[in-house]
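Numbering (numbering that gives the first Met the number 0), first residue to last: 0 to 557.
Treat each hint with caution, since some may be false.
[What the hints assert, rightly or not] Restraint-style ranges between C-beta atoms, simulated for each label pair:
| no. | residue 1 | residue 2 | range |
| --- | --- | --- | --- |
| 1 | W402 | S465 | 33 to 43 angstroms |
| 2 | Q407 | Q506 | 52 to 62 angstroms |
| 3 | A505 | T420 | 27 to 37 angstroms |
| 4 | Q451 | L208 | 53 to 63 angstroms |
| 5 | G416 | E52 | 47 to 57 angstroms |
| 6 | E92 | G204 | 14 to 24 angstroms |
| 7 | G416 | N338 | 27 to 37 angstroms |
| 8 | Q407 | E52 | 54 to 64 angstroms |
| 9 | G187 | A445 | 43 to 53 angstroms |
| 10 | A555 | T122 | 12 to 22 angstroms |
These are computed hints drawn from the structure, not numbers from a lab.
Don't be surprised by glycine CBs; every beta carbon is placed ideally from N, CA and C.
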Amino acid sequence: MSKEMNLGVSRRSFLKGAGLAAAAMAGTAALAGCANEGAADASLANTGDWLPESWDYECDLLVIGYGGAGMWASLIGADECGQEVLVLEKAPERGGGNSSINNGEWTIVEESEKERFKQYIRTFTKGKTPDAMIEAWVEECARNTEYADKYGMTYEVVEQALAGGIPEYYFLDDNAYEGSCKLSSVDGFGMLSFHELDAQREALGVEVLFDCHDERLIQNPTTKEIVGAYTMIGNEEKTVKARKGVIMTLGGFEFNEELKNQYLKCSPFKFEGWRFNTGDGIKMVEDVGAKLWHMDMAISMYSMWTRDPEYDFSILYFMPGFSYFNVNRLGRRFVNENNMGSPHNGWHTLLSFDDSIADFDRIPSWGIFDQSCFDAGKLSTSQGDFFECGNFASDLPDSVRDWDGWSQDNKAELERGWILTGATIEELGQKIKECDPLMDIDTLKATFEEYQGFCAAGKDSRFDRSAETMVPLDNGPYYAVSIYPGSCSTLGGPMKNEHAQVLDPAQNPIPRLYAAGCFGNFQSHTYGITGGNNAENQVWGRIAARHASSLENWDATE
């Protein structure tokens, strides 16, 4: 059960428009109108070379991907809708996806704030998200606490995120959206929520098949209906019949270098989450004629990338002291280091293209620090810390955990070469130059001297960093870590409508195919909904399961 916790952020009360009830009724009518979609084609022959000769598994709803969205789709499909649900998961065990190892926050929109929050989404998405989807998302999001309570989730309602104020861009339209949403706070982060919901799934008897990969959707060439999928389970190909629909909840493409380089706004772009998110669903939906959207979107900050092929992921970093500064590839400071952007959109700070080098001049950037900062504490998180979430969490079984977290004294990472060091700034600059030839050592030295002068003067005349944090570096040795865009997840995938139906290029639904979660997140232009990734799982997982469950079986006989 939830407990209300007021953290003091001011609230505003807005009256709901008289058209709200009418809009809700219209949405209900639209859902009913789609309930028998595909039934008109039932008389068409469901036979031919395109159909497998036999089915290894049969179900009403096939859910591909057992992360947060797959969890909610399976719960609602089996429990609320009474369907036989089967889930395919790529990981060899457990599953859970990014939502099971993130901080567990999810968006709460109260009844009195629905209209204001809809306007907030319209504002930050700049008209790029269809209004029908905004309406559907907010109306369903308003039920998040109802369903969290139903399934026994542990949480508190708060008015401030771990990352700060909410929603993300509350200040738009002259601070019009402050307090328009709240947030869940989960002491056990996403790991606790996953285990609570996974127990509910198991109690409902929903089967999850693990080590499933290389899926291909099975499509009726006449009606374009999706009737099931092929999947490899280990080394064997299996066929799965989905009598009502397939719900794709495969997450993002954080660990697919080709897709990231093709679609994201900059590169390299590294992530710290679920390594099984390799964008497998993108080709699957393209093969059946889906339109993609929001492929350049990501929720991410800036993080460390070690360039170590055995640890090819981003690592959250933070400086334990103040005797440091950041420089770009050319050796110049470029920002107030205390204001590098939010944990959700901080990567925007690194989006600077320099025509003189025909490349991004802040990817990588470098954090330069001294021995006192090195000794002040560890640069990242470890198992047992308050913020123990991510791909090193001790909650994860060995088969899906990528590493064991940061050392307590930074020395193991120094020995691995993740932290560069030099006795002088010139020597450190040479080590950096070996990683990135664009580093100008003379410029780095001049930047160091300028920073030291600002510290002595007690004023950062270039970026106005607060005086109390302007601590000079000592006499060496000096250290550096590389900074890249990266952390959470990509957001692109198939375009969908207000019923979570996947759309073709003409924006017509591909019958019986659905998407939820970060596999085609509805947010556009920028990531603006704090707790929105987990709420995306909840909202579209539930909507997709209900709509698919309302269909007649594609193989029903007259």
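For each hint, the structure was consulted:
1. W402 / S465: 33 to 43 angstroms: For S465 against W402, whose Cβ atoms are near 34 angstroms apart, the range 33 to 43 angstroms holds.
2. Q407 / Q506: 52 to 62 angstroms: holds, 54 angstroms
3. A505 / T420: 27 to 37 angstroms: This hint is violated: roughly 58 angstroms between Cβ atoms.
4. Q451 / L208: 53 to 63 angstroms: holds, 60 angstroms
5. G416 / E52: 47 to 57 angstroms: holds, 55 angstroms
6. E92 / G204: 14 to 24 angstroms: holds, 19 angstroms
7. G416 / N338: 27 to 37 angstroms: Holds, since G416 and N338 (Cβ atoms, about 30 angstroms apart) stay within the stated range.
8. Q407 / E52: 54 to 64 angstroms: holds, 59 angstroms
9. G187 / A445: 43 to 53 angstroms: Distance hint for G187, A445 holds at roughly 48 angstroms.
10. A555 / T122: 12 to 22 angstroms: For T122 against A555, whose Cβ atoms are near 45 angstroms apart, the range 12 to 22 angstroms is violated.
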